[in-house]
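For the protein sequence lines, the chains are A and B, in the order given.
Using the working numbering, you'd call the opening residue of the first sequence number 1038 and step up by one each time.
Using the working numbering, you'd call the opening residue of the second sequence number 1038 and step up by one each time.
None of these hints come from the bench; they were simulated from the model.
One or more of the hints may lead you astray.
Chain copies aren't distinguished; within one or between two, either way the pair holds.
[Claimed, not checked] Think about it this way: if two alpha-carbon atoms lie no more than 30 Å apart in a straight line, the pair counts; the simulated DSBU-like pairs of lysine-lysine are: (1) 1056 <-> 1109; (2) 1292 <-> 1051; (3) 1056 <-> 1234; (4) 1250 <-> 1056; (5) 1051 <-> 1250; (6) 1234 <-> 1292; (7) 1210 <-> 1109; (8) 1185 <-> 1051; (9) 1056 <-> 1185; (10) 1210 <-> 1250; (11) 1257 <-> 1292; (12) 1048 <-> 1109; (13) 1048 <-> 1234; (14) 1048 <-> 1185; (15) 1210 <-> 1257.
Each chain, letter by letter, is given below.
Protein chains: 2
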Amino acid sequence: MNNMLSSSQIKSIKNLQNKKFRREYNLFVAEGPRLVHDITQSWLEVTDIFFTPAWSPATRMEGVRYFQIGSKEMERISGLTTPSEVLALVRIPSHTIEFDALFGDDLTLILDDIQDPGNLGTIIRLADWFGIEKIICTAGTADAYSPKVVQATMGSIARVTLAYYDAANIIAKLSAMDVPVYGTYLDGESIFRSDLKQNGVIILGNEGNGISKEFEQVVKHRLTIPSFVKHDKGSQSLNVATAAAIVCAEFRRRKIGS
Amino acid sequence: MNNMLSSSQIKSIKNLQNKKFRREYNLFVAEGPRLVHDITQSWLEVTDIFFTPAWSPATRMEGVRYFQIGSKEMERISGLTTPSEVLALVRIPSHTIEFDALFGDDLTLILDDIQDPGNLGTIIRLADWFGIEKIICTAGTADAYSPKVVQATMGSIARVTLAYYDAANIIAKLSAMDVPVYGTYLDGESIFRSDLKQNGVIILGNEGNGISKEFEQVVKHRLTIPSFVKHDKGSQSLNVATAAAIVCAEFRRRKIGS
């Protein structure tokens, strides 16, 4: 039997497409059976699941409200061009990372004002692949709980620990600690020839401006990905998510020692 | 002094947002000073440049028509949300790649039905970075001359040789040649431990389905990018452009022998 959603319920859910309301309600939206499955398997707290008859929950989880709705209603609450059969509301986690324990035991990524939601989603997904569990974002980085990012992570949002801090706080912390801090630059030492520590901190810079002057002060190792162009025409660069992939892969390759 | 564009001129330019018309006119659109600069420096043939007073051509190239227009007119012909100060019409190249010389002398990428324009643009850009000049696309791959792809390549579209063929033709050619053919899979030999030849052909598969059954028959080396996840929850995978970046970087790292 279908529930009827009230227009105020529909409005509340649609509001979650907007960062202001996500912060106010402390909720984000996840859509699609695979993503919802991955999230229910994680430590994230699901509050509501809206589904059409095409989907059925394997087991109903305690503390979750389930609403069977029609596909017309799904269209009204979905943020996707092609709505799927299930939409979940998920509590935005407030990770209780001890600031003192942030760095130094395993690889950590720091995102310095990454702007593009697609890039952010891709970076979260590849961090998950490479077992990098801590991602620290500056306050100026795109919202990881926006629908575009959540969908682009393909479930990885449920498996990484992600927290936002003011850049100044992160920099102060890094300055006070003796951890290897790496930054990616167009000039620097070839990553393939650099000494890479598995307890390092990798800073990834903004799409247009790269790593900020403030963060640059704490970078101890300037890494670069060598280019193999055979001509000097044009102005090559790598997308930040592409660079992140290559850097993370190289760190992990060294770990397994091949 | 400003030219006035006729409404049929405006319509023709806007039509180029659409693949059908790009094929009919054999033209594509490039926007923004950096992209237009990179294209004018390449072997691509520019036919028309539309610019506002904010832009001025360093030297006027022979055979190119220049139109100074107002920013209102730029808004009418631009495909960008925020129009820039220059828009060029560029002839779609018909690369005269000898099919016989396609494979075997340096790395070649084969894109097997890559669907997402962002992924395609990212792959073209990273191929350029790594000096991989030949990109062969199946007919089912997204159009590399669509505005989204052209803009995402950040000028790299002007520096790679890219051609479309029917998958069956490419497969027949590969079957008849003794070249190392690599494919990326979720299972396979770790790319970090595999023998990688610099004259190889790397097949990248469709976002949802991976490498097709037909192409699989010619794959001689199944490569995988090892995952470092510490738990078995969820269903990790890497985005195809991310995987392409790691694979290309690893091939090139071997080349420089570090």
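Quick rundown of the hints versus the structure:
1. In this assembly of identical chains, the alpha carbons of residue 1056 and residue 1109 lie at most 30 Å apart only when taken from the same copy (25 Å versus 32 Å across copies).
2. In this assembly of identical chains, residue 1292 and residue 1051 lie within 30 Å of each other by CA distance neither inside one copy nor across copies; the values are 44 Å within and 51 Å between.
3. For a Cα distance limit of 30 Å, the shortest separation of residue 1056 from residue 1234 qualifies neither inside one copy, at 36 Å, nor across copies, at 48 Å.
4. Taking CA atoms no more than 30 Å apart as the test, residue 1250 paired with residue 1056 passes inside one copy only; the shortest distance there is 28 Å, against 43 Å between copies.
5. In the homo-oligomer, the alpha carbons of residue 1051 and residue 1250 never lie at most 30 Å apart, since the shortest distance is 38 Å inside one protomer and 41 Å across protomers.
6. Taking the closest pair of Cα atoms, residue 1234 and residue 1292 come within 30 Å of each other both inside a single copy (9 Å) and across two copies (24 Å).
7. Neither within a single protomer nor between protomers do residue 1210 and residue 1109 lie at most 30 Å apart by alpha-carbon distance, with minima of 50 Å and 49 Å respectively.
8. With identical chains, the CA atoms of residue 1185 and residue 1051 are at most 30 Å apart both within one copy (14 Å) and between copies (28 Å).
9. In this assembly of identical chains, residue 1056 and residue 1185 lie within 30 Å of each other by CA distance both inside one copy and across copies; the values are 12 Å within and 26 Å between.
10. When the C-alpha separation of residue 1210 and residue 1250 is checked against a cutoff of 30 Å, the pair qualifies only within one copy, where the shortest distance is 16 Å, while the shortest distance between copies is 52 Å.
11. In this assembly of identical chains, residue 1257 and residue 1292 lie within 30 Å of each other by CA distance both inside one copy and across copies; the values are 20 Å within and 28 Å between.
12. With identical chains, the CA atoms of residue 1048 and residue 1109 are at most 30 Å apart within one copy only, with a shortest distance of 15 Å there and 36 Å across copies.
13. When the C-alpha separation of residue 1048 and residue 1234 is checked against a cutoff of 30 Å, the pair qualifies neither within a copy, at 49 Å, nor between copies, at 57 Å.
14. Proximity of residue 1048 to residue 1185 under the C-alpha cut-off of 30 Å is restricted to the intra-copy arrangement: shortest distance 19 Å within a copy versus 32 Å between copies.
15. In this assembly of identical chains, the alpha carbons of residue 1210 and residue 1257 lie at most 30 Å apart only when taken from the same copy (14 Å versus 49 Å across copies).
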